[in-house]
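Chain B: place on chain A using the hints.
Sequence order for the protein chains is A and B. Letter by letter, the first sequence follows residues 23 to 540 in my numbering. Letter by letter, the second sequence follows residues 23 to 540 in my numbering.
Hints were generated in silico from the structure; no laboratory data involved. One thing to keep in mind: the hints can contain errors.
Pairs involving identical chains hold if they fit within one copy or between any two copies, as the list cannot separate such chains.
[Said to hold, decoys possible] Straight-line C-alpha distance at most 27 angstroms; calculated BS3-like pairs for lysine-lysine:
#1 Lys306 with Lys284
#2 Lys488 with Lys531
#3 Lys431 with Lys525
#4 Lys488 with Lys59
Here's the letter readout for the chains.
Protein chains: 2
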Amino acid sequence: MNGADRLCDTLLVNDVDVCFANPGTSEMHFVAALDRKPQMRCVLGLFEGVVTGAADGYARMADKPAATLLHCGPGMANALANMHNARRAWTPMINVVGDHATYHLQHDAPLTSDIESLARPMSQFVRRITSAEDVGPAIGEAYAASLSLPGVTTVILPADCAWGSVEPAELKRTQVPAPKQVDQAQIREVAGLLRKHGSRAAIMLTGSALREGPMAMAARVCAATGAQIFAQMSNGRIERGAGRVAIPKVFYPIDMALQQLKDIDLLILIGAQVPVGFFAYPGKPGRLVHETCHVEQLAVPGDDLPGTIEALADELSARATPPAFIAAPQAQGEALPTGTLDADKVCTIVARLLPENAIICDESVSSGRSFYYDCHGAPQHDYIQLTGGSIGEGIPLCVGAAVACPDRKVIGMQADGSGMYTVQGLWTQARENLDVVTVVFANRTYAILHGEMRNVGVNDFGRNAKLMLNLDEPALDWVSMAKGMGVEAGRATTAEEFARLFKGALGRKGPFLIEAVI
Amino acid sequence: MNGADRLCDTLLVNDVDVCFANPGTSEMHFVAALDRKPQMRCVLGLFEGVVTGAADGYARMADKPAATLLHCGPGMANALANMHNARRAWTPMINVVGDHATYHLQHDAPLTSDIESLARPMSQFVRRITSAEDVGPAIGEAYAASLSLPGVTTVILPADCAWGSVEPAELKRTQVPAPKQVDQAQIREVAGLLRKHGSRAAIMLTGSALREGPMAMAARVCAATGAQIFAQMSNGRIERGAGRVAIPKVFYPIDMALQQLKDIDLLILIGAQVPVGFFAYPGKPGRLVHETCHVEQLAVPGDDLPGTIEALADELSARATPPAFIAAPQAQGEALPTGTLDADKVCTIVARLLPENAIICDESVSSGRSFYYDCHGAPQHDYIQLTGGSIGEGIPLCVGAAVACPDRKVIGMQADGSGMYTVQGLWTQARENLDVVTVVFANRTYAILHGEMRNVGVNDFGRNAKLMLNLDEPALDWVSMAKGMGVEAGRATTAEEFARLFKGALGRKGPFLIEAVI
Chain A
23 MNGADRLCDT LLVNDVDVCF ANPGTSEMHF VAALDRKPQM RCVLGLFEGV
73 VTGAADGYAR MADKPAATLL HCGPGMANAL ANMHNARRAW TPMINVVGDH
123 ATYHLQHDAP LTSDIESLAR PMSQFVRRIT SAEDVGPAIG EAYAASLSLP
173 GVTTVILPAD CAWGSVEPAE LKRTQVPAPK QVDQAQIREV AGLLRKHGSR
223 AAIMLTGSAL REGPMAMAAR VCAATGAQIF AQMSNGRIER GAGRVAIPKV
273 FYPIDMALQQ LKDIDLLILI GAQVPVGFFA YPGKPGRLVH ETCHVEQLAV
323 PGDDLPGTIE ALADELSARA TPPAFIAAPQ AQGEALPTGT LDADKVCTIV
373 ARLLPENAII CDESVSSGRS FYYDCHGAPQ HDYIQLTGGS IGEGIPLCVG
423 AAVACPDRKV IGMQADGSGM YTVQGLWTQA RENLDVVTVV FANRTYAILH
473 GEMRNVGVND FGRNAKLMLN LDEPALDWVS MAKGMGVEAG RATTAEEFAR
523 LFKGALGRKG PFLIEAVI
Chain B
23 MNGADRLCDT LLVNDVDVCF ANPGTSEMHF VAALDRKPQM RCVLGLFEGV
73 VTGAADGYAR MADKPAATLL HCGPGMANAL ANMHNARRAW TPMINVVGDH
123 ATYHLQHDAP LTSDIESLAR PMSQFVRRIT SAEDVGPAIG EAYAASLSLP
173 GVTTVILPAD CAWGSVEPAE LKRTQVPAPK QVDQAQIREV AGLLRKHGSR
223 AAIMLTGSAL REGPMAMAAR VCAATGAQIF AQMSNGRIER GAGRVAIPKV
273 FYPIDMALQQ LKDIDLLILI GAQVPVGFFA YPGKPGRLVH ETCHVEQLAV
323 PGDDLPGTIE ALADELSARA TPPAFIAAPQ AQGEALPTGT LDADKVCTIV
373 ARLLPENAII CDESVSSGRS FYYDCHGAPQ HDYIQLTGGS IGEGIPLCVG
423 AAVACPDRKV IGMQADGSGM YTVQGLWTQA RENLDVVTVV FANRTYAILH
473 GEMRNVGVND FGRNAKLMLN LDEPALDWVS MAKGMGVEAG RATTAEEFAR
523 LFKGALGRKG PFLIEAVI
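Only chain A is shown next, with the shape it has when bound in the complex (with noise of 0.2 angstroms):
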């Protein structure tokens, strides 16, 4: 056996069984090892985007990391976006990067270049592997790392480690580094802090903190003390809908997050950073809470997260407090919208209609911002988002999403100047035949870009700015592309056909498309 052959045997022994790839011929010999196991499940992916992409939303729906391999430094490069979002979402995730075999770099061939130096700012844990025997080694550490760090590991593979030759051994699972205890005096402290705030204290959560259960109890706190509860603007995940707690996220407008804040004297973060706003805007501060506001950084992710949480209500004796900020159902039977489709209009009829149990992966950007909040009481459903600002994710996320989740309804909220970026998922959706309900805002401008040009005092646009902001001549014909990557695709101009093609949507399984024109 080869080392190629060692690395899948030590992806599969630690459960590791989905690779989204995009392989080179630096590759092959990885492939041949892939094409021997079939218990591998090997997506492809026709751009490195939505390979690191699916990785990042598998990961997050599965829990567990999964493999990518990629093809040299610029088809790692091509990966590099959605890898920034999955660190941005501290998401496991264990690239594999081929690279030419350790005497052909030497000869600086066309593909060669310091893939370290493109790999370190995206990733957590970046290692080179040294012989076909270090490859158990190397993918042992990079798996434990994703875990436990917890985010996105690049190990490099040169194709002569690859081919080279290993003894057989019996592997066993890895084992990953157990979190940092909880810190009682600390805890003590923070306990003491928030029975002093009340409600002038607020504690921010990301992460696991973010599923049903540590956000309940996370609630009992808000509940014992007065707190408020908020997520970070951004999060990998949340665990949402009636029953569970309604947790607002930091707003992305500026001048909204700080208002949002602005009575806030103590900070509890739980896994999240200090907000901070998304770009620096002349005249406005860079930190969204007031100067004087004591943060306290209680956990970060590698954490315990969840027991972090359990500890606090412990030492407020919160653990059997009803807890504040629980979503009410929305209301039943209300009326759809009509008429003229508009941004909030596919966003209430979709919270209306959505199925118990769904998953939504959000890059809707500007069209979509009160999207989430129109969620709080749908039915239970996972809300995965992108997170690290580089659009681009979301047909990629709804593609790992799916594939974690079988059995579940996934439906991209997908902003079309995003959309744009890694358009070419669409053709694994209808590869795989993942149930994937595509709604796309299309308002054929970065709208984003609009307002904020409008944030440094431009209101007329000249012929350069209309050209670098609009999409319009020609508009995107979404329903032709997706059709063009075998997805099925309608579109909607008035609320009506909006409704009606997204209830035949849920109807069905598999990937559709729908072009919502607003």
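Frame of chain A; chain B shown alone:
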């Protein structure tokens, strides 16, 4: 005026008047400044790989750099693959990457990343702007570096440097360093070696040495000494066709390349690198010339390549020697192929029908291996190709070439798998009404990888290998995808249909795509 205005003015005073763009929020002041400069042509790409691929195609044909506008580290990450190809073509390029305001970086906002680490592997020059007043000097340095290295330059523009004030100033064109002088002693030595080795010597060219004049001069040297002539395996641009030098390129398949170069005892490199295998293959050498071949690097890409060749011709008294290897015009009036379409028939038909002064952008990968040779005697044309092996450059190259040369027909020879990487570029062809015919070789596989799998000894593919190497199930429908992006298209399954569609496309202006099902 602000730093962004100074940026535009510095570009314009240096005659850099095209900006391929995909902007984001941190670049809004740059967009606003571009909007105040109608003399700057702004071309939107719906994905950053389109932007840098187009800038590459533009500069190869315009012989001057374009600017690009990219959004933060992750946006630039999407651009890296085609920066890599441009770097391998020694293409001048000025990438302007927006970043957070300097004082905002400390907050690690979602889009924050280590831009320098990402940029360096794919840039010959990287520079971070430090203040608004530093914008002009930084862009000037990048301009000079892009032409003198020559190559890809990346300038990082923090938002506060774009919006900060600068004093008005009268700008002057930036001085570009003169290329290194020819070393007459080395010329004499090489001339002596060429005389000595006769037909066992070869001159290998790339860069500006592949224009009509210098290449003909090199062919005079060959005629005078008996030396052979080669172009690198991949090159930025070759001026070719009937009456010009029919220069062979180094083959991609390793065994063919080794055979091609096996008798060369003296290799004179003028701009070119030592030929090496595109990949390493077990048991095969990395260098394509034999171990005792004497390799002499006479000039590197930043040097005066035409001057070097002239000096060599002078030393050999070959200026008036009739050049060797001049291509005779292809036979006229031969019947075109008929019947079921295949890749070779597509190549033959395009070569036979090629219009005078066309620009061919070749990313045909395995399907078009014969095409380059089919065109030796075709009407004179420019040939530009994928250089760095990072697929997804073809459609953007066509965009850039057509922007640079609006009066010339651009013909994209496009593999289907590669085309999907930057398929969004078709929209830019429609938006700008560019005169491009894209011929898609729809073989519905990664055909090159089928060959490489056989190279590693796998002839019988299982389910996983098929899933990763085939693009069928579902077949891509290029006609619908093109229509979705506003490009008219047709499909051909016979040689007659292909010839009819290709003739029709040549007879009109504006973008057209032909899906050649092979």
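Structure-based check of all given hints:
no.	hint	verdict
1	Lys306 with Lys284	within (13 angstroms within a copy, 67 angstroms between copies)
2	Lys488 with Lys531	between (40 angstroms within a copy, 25 angstroms between copies)
3	Lys431 with Lys525	within (12 angstroms within a copy, 47 angstroms between copies)
4	Lys488 with Lys59	between (52 angstroms within a copy, 13 angstroms between copies)
The earlier numbered hints are all upheld by this structure, with none contradicted.
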